[in-house]
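Enquirer: Chain B: place on chain A using the hints.
Number of protein chains: 2
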Amino acid sequence: MERPKDKLIACLETAFNPRSIALVGASNTFGKWGQLITSNIIAAGYRGKVFPVNPGYKEMFGLPVFARIANIPESVDLAFVITPANTVPGVLEECGDKGVKAAVVITSGFGETDQAGRDLEREIVKIGLEKGVYIIGPNTMGIISPYADLFATGSHSRPRKGSVAFISQSGNLGNQLTHWAEQQGIGLSLFVGSGNEAMITCTDYLEYLEQDPKTRIITLYLENVSQGVRFLETATRVNRTKPIIVLKGGRTEAERTAAASHTGSMSGDDAIFRGACRQAGIVNAGLPSELLTLSAAFSSLPLPKGNRVGIVTLGGGWGVVTADQCSDNGLTVPSIPDSIVEAIGLHLPPFWSRGNPVDLVGTRDPDAPIVAVEELIKWDGVDAIIVLGIVGRNEVVHTLLHSVQEADPDTSPELLGQIKEMSRNYEDTFISKMAEFMETYEKPIIGVSLTRTETGTVRPLPGRRYSGVYYQTPETAVSVLARMAAYHRDLAPNLK
Amino acid sequence: MERPKDKLIACLETAFNPRSIALVGASNTFGKWGQLITSNIIAAGYRGKVFPVNPGYKEMFGLPVFARIANIPESVDLAFVITPANTVPGVLEECGDKGVKAAVVITSGFGETDQAGRDLEREIVKIGLEKGVYIIGPNTMGIISPYADLFATGSHSRPRKGSVAFISQSGNLGNQLTHWAEQQGIGLSLFVGSGNEAMITCTDYLEYLEQDPKTRIITLYLENVSQGVRFLETATRVNRTKPIIVLKGGRTEAERTAAASHTGSMSGDDAIFRGACRQAGIVNAGLPSELLTLSAAFSSLPLPKGNRVGIVTLGGGWGVVTADQCSDNGLTVPSIPDSIVEAIGLHLPPFWSRGNPVDLVGTRDPDAPIVAVEELIKWDGVDAIIVLGIVGRNEVVHTLLHSVQEADPDTSPELLGQIKEMSRNYEDTFISKMAEFMETYEKPIIGVSLTRTETGTVRPLPGRRYSGVYYQTPETAVSVLARMAAYHRDLAPNLK
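Top to bottom, those sequences are chains A and B.
Using the working numbering, you'd call the opening residue of the first sequence number 10 and step up by one each time.
Using the working numbering, you'd call the opening residue of the second sequence number 10 and step up by one each time.
Chain A with its partners taken away, still in its complex shape (with noise of 0.2 Å):
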């Protein structure tokens, strides 16, 4: 006989990735919930089938419709539920007799508004039990299957297929940091917004993430955990195997109100959680923006085995705040040996730093940027290698090249042209060689572009086992880096 942990692996599994969905409350007025679900798997090119149901209609979206579930002439994977909280019983109990495996119930008005809907809420999950329907929600802003190329979320987010999965309790925080990742170019396996955790909770999702092979890294943004100790026990299991990111949201006694009323349950006292978490050696984020320049990091670059970092610089001052943060997050910036020095001293002018920071004063030998950082990161005095201001200076040129044109007319259109893509080709090269050198000594090296880079903090690289990093400012690669550190050193001897 199945065990109901295997069960809920195969039904989540099938969830995200169903073969067809219904769509209960479909609409195809703007701004509507059963609009804006429907038109976002519509628009990203959901591969499956695509069933709307609603009673007041023919057709949407070129799409026939469906008066009732029952009435869909195919086999039906997973329902969203988009209709008003009164009927959602009666819509789950149809799912159920159409043999949908899983439910996800976007409607609100349940456990996280008064008495009657915490019964309403009860009820559902009766129903979800009884008839074998698997419910997500209610109260969620959707999910998220990018190797399904399905998108159902009210936010029209597209992230890109990568290692990370999402769990949130939040809804709109959840929208916003999918929106991020997408604009970060943060791949993901999976975005659940978990709602009311009716049913299913988070430590359920850890379970099957746990399982999943295309989920390397796990991310939470958690308020309120039922069964605090299933959790942690779940968590620090797949923590060894899988870094797991969490913010603990509600941390004050006004939020504690706040969370309640918000997703219909009391948040646990959080110093508490948060030392249970850090005793596991679960990476805990402070902030929503951490959960996702932690998931960039954790899931593009190797471990670092140690605190002591190199640093490479186009310019001092970067270099400065930068050891200046290291030291405030107990990272250490070690001396470098003469041999050191002297090679790297090849490429720059005589009165370079000659030290850690490593100043490459400007220069624009294009092999000393290159140097340098093989120099330090084959040296076994360094565990990690920051690289400010040499990828991201290419839309520095543009800016440069662009204003040059307004000041002289004549400026030959080919030179500018040929210097253009000398620094596009540059910065690809500089990056694909950065991606080889992880390779080569298993260190990571992280990037500081300095600038509000176009092409996003994470540059994936075909056929290499890391991708390129490169964060805004310097304060969160180094963040970044001492977290990575402290993962490893608690959990290293886990680590395959």
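Honestly, the hints are just simulated from the structure, not real lab data.
Nothing here was measured: the structure is a model prediction, and the numbers come from that model.
You may find that some hints are simply not true.
Stated by the list, open to error - Below, simulated BS3-like cross-link-like pairs (lysine-lysine); rule was C-alpha separation at most 27 Å, straight line: (1) A:Lys429 / B:Lys41; (2) B:Lys429 / A:Lys41; (3) B:Lys170 / B:Lys16; (4) B:Lys67 / B:Lys110; (5) A:Lys67 / A:Lys170; (6) A:Lys314 / A:Lys442.
Expert: Just chain B, lined up with the frame of chain A:
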């Protein structure tokens, strides 16, 4: 007789508002310093006269080129010196003979290098004093004087006119920060890369800015401070009327070495320096990015008169996170009286949070956010408002409209156009309404857009006393607000 301080101020006034400039070492070879500075000045539309000086050219950028300064047929207020280090003494002699008031010495290779460089630096100071030429630098990346339309740095950033002056001892950090200021819409009154400060120190610039009517906020990036006592006395005095935001780089041992080789002098004991600043109520920034975020708020918003915060959020999760951040930063989120709960509740569904943070539960009622902010700001129980997700929603709507059109090509383009316009207009109305509230109640409203808006952090509002400030993340808003409250607490008795 003119006192030296008055003479310094008069000379700097001329340097930052010159009627004519000479560019000694001007070039049109792409990438040379002489070309970067010259093309920037011309492309940015400086309105005074520009005289390139270079014996190797007859004409460049459509302008006649002079072999020597002496050949320029008109008077010259300011010279930029971009020739090799060993020629600089001679050039400065010629500047003196021509009656040039001040020289920006871009050239490096002075005190930041070796003993010969230090000797050369002493020599140019001697010449400057003898000949009455004030020297900015040497080893500076240049200056920006937006009100004179003078953009004279190697990076072609063009921040708008405003009230923030920025003095940086690091050129490359300064360049990057002026670039960020441009991106974020922060208006500058002046930028000076002070370089090696051979003759004019950061304290001198402070004295100039103290009396400069265009400057209301002063930001400093310092690595080392000569005459520490004089600096602190001056900064303490100036800070009473014009908030000073300072970042001190070079805090670690490794970094003191890096900072020394970078600007040619030793940095002081950072802990003592920061302690002294704190005692004087000067705003210590921990990071370069904070220099920008703090400048944006200090220059655009009224100061909060206490630490009690009202939070208005479009969705619950972000309210939770923001209240947590307030708690971590020494701000409180007080409970609101029933009368306010009732007034706001008229615009919200019955299951809203009924407290502070005010969770608008994703309402589309356009009045709800405005009513919520007004009810909170007029209450004497809060000193400041943070509002999340209203401004920024516009970009979400755009993504959505694009996606909807993909899903259903039959969607009426008129309808989509109307929605787009409504959304944009609402954002403008909201920002303007917030500025009106700030004027009426003299309390700051800090916005969080949650997205990377193209319009920047600061939204200037012609005719209004205050501007809109919309950061991407709540942590930025909260941390800035906490600094403003601390500044008010320490300095309020002195402010007009």
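Enquirer: Next, verify each hint and record whether it holds.
Expert: So, going through the hints one by one against the coordinates:
no.	hint	in the structure
1	A:Lys429 / B:Lys41	16 Å, holds
2	B:Lys429 / A:Lys41	16 Å, holds
3	B:Lys170 / B:Lys16	26 Å, holds
4	B:Lys67 / B:Lys110	26 Å, holds
5	A:Lys67 / A:Lys170	35 Å, violated
6	A:Lys314 / A:Lys442	21 Å, holds
In this structure, only the earlier hint numbered 5 is contradicted, and the remaining ones agree with it.
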